[in-house]
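Asks: So the sequence lines, in the order shown, correspond to chains F and P. Using the numbering used here, you'd call the opening residue of the first sequence number 6 and step up by one each time. Using the numbering used here, you'd call the opening residue of the second sequence number 18 and step up by one each time.
Hints in this document: simulated from the structure, not taken from any laboratory. Just so you know, even glycine gets a beta-carbon here, dropped at the ideal spot from N, CA and C. Incorrect hints may have been included.
[What the hints assert, rightly or not] Below, a list of computed lysine-lysine pairs in the DSBU-like style, where the Cα atoms sit at most 35 Å apart:
1. K244/P / K57/F
2. K91/P / K112/F
3. K91/P / K93/F
4. K44/P / K57/F
5. K112/F / K60/P
[Unchecked claim] Not everything, but these chain P residues come out facing chain F in the computed CB check (under 10 Å):
6. R134
7. L138
8. T161
9. Y278
10. D282
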Amino acid sequence: MRLPVITSIFVIVLGCSRGPTREEVAGRALYQLHCSQCHDNPPRYLLTRPPKLDKMFASNTLPSGTPATDEEVRRTIVEGLRTMPAFKGRLREDEIRDLMAFLHTLK
Amino acid sequence: MRRIVTAILLVAALVACKSKAARYELKGEVVQRNPATSEITVKHEEIPGFMPAMTMPYKVASPLAAAIVEPGDKIAADVITENGKDYWLDNIRITDTSGRKAPKPAPAVHVLPPGSRAPDLELTNQDGKPIRLADFKGKALLITFIYTRCPLPNFCPRLSSEFARIHDDLAKTPDDYARTHLLAITLDPKYDTPEVLRKYGLAYLHGDPSGFSHWDFAATSPETLEKLAGAFGLSYEEADNQISHTMNIVLIAPDGTISKYWTTDWTMPELEDALRQAASRSSR
């Protein structure tokens, strides 16, 4: 009788103790610095409205129609896409990795 | 009794994982402040257990702090984080103010007043072809300065978006379309090659390359860019692959003289009207 109760408490505590990783926290900060101002709160006068990025990895395809893979997302960040500016030279490799880790938490 | 104990334990466990506030020590330099949003951007050292060294914006617990600190100040502060998601700065202490930037002296440039002849300098457009400002004589020419990697939506993306709307509007009236031209000059000629500019331009021309006959995207040598900046009152400065710059828009009349400048206070309809009016004056 006691075992299920103890187990359930254990599961709850364990389940919520998984905080974000160091990469996810750093990636979130980078997201807020570089991505959020267009993807979350785009100014009204932008010619094309940037897509929301939540659940981007939950679908098989990205808003651009390309496969929702790490490789495609990384390419978009580095090279830009249509009116999205390229981040080449402005994000280090480890920063891109952190950003990708955070983007994966959005699904 | 056992049920009550179990329920209390469960609630305690849930409450325990709801409030995971943590406090970390931050040391860094203020890069920017924004009292309107109670935010400051800090270039900080590594925060062990929380974040690597980086430059990023933080909300501050006391809005007053965002108004008091100045760019260049060294600060120490506590980063408070809840559940690893929300975070802000508290207990901000300014440890050194010697890095405060002195106000910039006015640049010693001689901006050409309206009515002056625009400098006839050589540029290279998105097709790799040389063009000169004098090539557009006979048309009203609207010039702006952008760079394709500009990440701030209120700067280059805004300029290019509004120029795209002007382009689209003018295309509806063939007479005005034929008597006007748009020109975007990059501030980043090292990165913005003709190929990069072409790709960028196509995004704003809805993928239609015929639009380049009315809207050029051009690069210059760094020396020519300096001359243009001096002539048109443009300020720009590169740091960490990002270029801080003023938003300058210049209207050149069909006779090749400078008609008007805009920097901060402009709207798309205002630019479009001025361009159409300048074009119509040439045909009188």
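Asks: It remains to establish, for every hint, whether it holds in the given structure.
Replies: Going down the list of hints, with the structure as the test:
no. : hint           : result
1   : K244/P / K57/F : violated (41 Å)
2   : K91/P / K112/F : violated (38 Å)
3   : K91/P / K93/F  : holds (29 Å)
4   : K44/P / K57/F  : holds (33 Å)
5   : K112/F / K60/P : holds (30 Å)
6   : R134           : violated (33 Å)
7   : L138           : violated (26 Å)
8   : T161           : violated (14 Å)
9   : Y278           : violated (21 Å)
10  : D282           : violated (15 Å)
Consistency with the previously given hints fails for numbers 1, 2, 6, 7, 8, 9, 10, ordered from lowest to highest.
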